[in-house]
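Whenever a hint applies, use it, and build me the whole structure from the sequences.
Now for the letters of each chain:
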Amino acid sequence: MIKSLNLDLAGEYLVMASTLIHIKSRMLLPEPEEPEEEEEDPRAELVRQLLEYKAFKEAAANLSQRPILERDVFTRAALLPEETEKAPSDEEELVEVSIFELIEAFHRLVTRLDKKELMEIDLEKMSVTDIINEILDRLSSEKNVTFDELLGEIKSRRRIVYTFLALLELIKLRMVKVYQATAFGVIRIFPAVEMEA
Amino acid sequence: MESIKAIIEALILASEAPLGLDKICTVLPQVEKSELKEILAALVAEYKERAGGIYLEEVAGGFQFRTRPELGQWVKKLKGMKPASLSAAAMETLAIVAYRQPIVKSEIESIRGVDAGHALKVLMEKKLLRIVGRKDVPGRPIIYGTTKKFLEVFGLKDLSELPTLRELKELNEPAENVVPVEADEGAVTDEPAEELPGS
Numbered sequence: 510m511i512k513s514l515n516l517d518l519a520g521e522y523l524v525m526a527s528t529l530i531h532i533k534s535r536m537l538l539p540e541p542e543e544p545e546e547e548e549e550d551p552r553a554e555l556v557r558q559l560l561e562y563k564a565f566k567e568a569a570a571n572l573s574q575r576p577i578l579e580r581d582v583f584t585r586a587a588l589l590p591e592e593t594e595k596a597p598s599d600e601e602e603l604v605e606v607s608i609f610e611l612i613e614a615f616h617r618l619v620t621r622l623d624k625k626e627l628m629e630i631d632l633e634k635m636s637v638t639d640i641i642n643e644i645l646d647r648l649s650s651e652k653n654v655t656f657d658e659l660l661g662e663i664k665s666r667r668r669i670v671y672t673f674l675a676l677l678e679l680i681k682l683r684m685v686k687v688y689q690a691t692a693f694g695v696i697r698i699f700p701a702v703e704m705e706a
Numbered sequence: 529m530e531s532i533k534a535i536i537e538a539l540i541l542a543s544e545a546p547l548g549l550d551k552i553c554t555v556l557p558q559v560e561k562s563e564l565k566e567i568l569a570a571l572v573a574e575y576k577e578r579a580g581g582i583y584l585e586e587v588a589g590g591f592q593f594r595t596r597p598e599l600g601q602w603v604k605k606l607k608g609m610k611p612a613s614l615s616a617a618a619m620e621t622l623a624i625v626a627y628r629q630p631i632v633k634s635e636i637e638s639i640r641g642v643d644a645g646h647a648l649k650v651l652m653e654k655k656l657l658r659i660v661g662r663k664d665v666p667g668r669p670i671i672y673g674t675t676k677k678f679l680e681v682f683g684l685k686d687l688s689e690l691p692t693l694r695e696l697k698e699l700n701e702p703a704e705n706v707v708p709v710e711a712d713e714g715a716v717t718d719e720p721a722e723e724l725p726g727s
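In the order they appear, the protein sequences are chains A and B.
Take any residue in the first sequence, count from 1 to its spot, add 509: that is its number in the numbering used here.
Take any residue in the second sequence, count from 1 to its spot, add 528: that is its number in the numbering used here.
The set of hints was computed from the structure by calculation and includes no laboratory data.
You may find that some hints are simply not true.
[Unchecked claim] With a straight-line Cα cutoff of 30 Å, these simulated DSSO-like cross-link-like pairs (lysine-lysine) come out:
id : chain 1 : residue 1 : chain 2 : residue 2
1  : A       : LYS563    : B       : LYS655
2  : A       : LYS686    : B       : LYS551
3  : A       : LYS566    : B       : LYS677
4  : B       : LYS655    : A       : LYS681
5  : B       : LYS551    : A       : LYS681
6  : B       : LYS633    : A       : LYS563
7  : A       : LYS686    : B       : LYS533
8  : B       : LYS655    : B       : LYS551
9  : A       : LYS566    : B       : LYS685
10 : B       : LYS663    : A       : LYS686
11 : A       : LYS563    : B       : LYS551
12 : B       : LYS551    : A       : LYS652
This is the structure in structure tokens:
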């Protein structure tokens, strides 16, 4: 039975079942005449857990009753992603992007590719190290670059993957910082420290 | 005074995200902050009194025009979309993070008693939660917290505006009454009830 089930789920079920049996057996034992220490009622822990869970369940219900954006209330329609990307201004307010936005940007670029091209064998020799050097070169001449600019004209899948890996490596080494103005906005890469020109 | 109010109104409409007081200050440096606050409160009241299609709300540390909740169904019709709703599991996980942040996955799971991985993933994708760091314990688990978008979506000024957890207070007190006995007035008991004289 358990074999065919999700093991995690089955495990949790077993833990609960044994906890209940444990409690039951402790309740059946006669209490020592003179209790050495004040023993907590074995049910207390479980009850505390249940009460805590109940409190959060209510909190969750409370939250869903609020007027929720895009369900009950709406704001002025935001610009479409394409439009914001076309209008990068110098006054963009920069926010730090998470790895998720970076992955999303990567995903968008890959899906933009022509499917046919993916079948071709790419003979271009390239390594992550090459791309890292290229990015650092560009960052020393330009103050910042966007992910798109880094790719240039050649937008092969391999190129995008390598650029993405290079970026991740550079972020890990804390050599670059990555910012984005708005959700779906252009991702800009800055040198972490001002480089000597 | 009247024109400043008009300017602020225009700024809020033109702003994509909720417009904060600080931003208004940079546009109108000659006006005192306290005065701006008064004008904003007046604007909020004006829209409330007008009871039209939109209202002005203070949300996520800024001000934003929103359509009235009662009109949601019509706007949805215009946009032709399904209501974006979260599953019960996701909502519970979100509530736990909101009240207990910063929090790691195992702490969430000890409250809900089940795996929270999927719910966390969904909430991260919807940008309601974010990673705030890693806990300095073996395994370096990820610490989660809510985002500004969480405040926007649920129409909260800040986290302190979350309704308080009534039960949490009781939980912090020593659990004396394990089985809560509710003394209901109309409760029928098998035992003969003792009648207090003169009650």
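We went through each hint and held it up to the structure:
no.	hint	result
1	A:LYS563 - B:LYS655	holds (26 Å)
2	A:LYS686 - B:LYS551	holds (25 Å)
3	A:LYS566 - B:LYS677	holds (22 Å)
4	B:LYS655 - A:LYS681	holds (23 Å)
5	B:LYS551 - A:LYS681	violated (33 Å)
6	B:LYS633 - A:LYS563	holds (19 Å)
7	A:LYS686 - B:LYS533	violated (40 Å)
8	B:LYS655 - B:LYS551	holds (24 Å)
9	A:LYS566 - B:LYS685	holds (22 Å)
10	B:LYS663 - A:LYS686	holds (23 Å)
11	A:LYS563 - B:LYS551	violated (41 Å)
12	B:LYS551 - A:LYS652	holds (27 Å)
The structure shown violates the earlier hints numbered 5, 7, 11.
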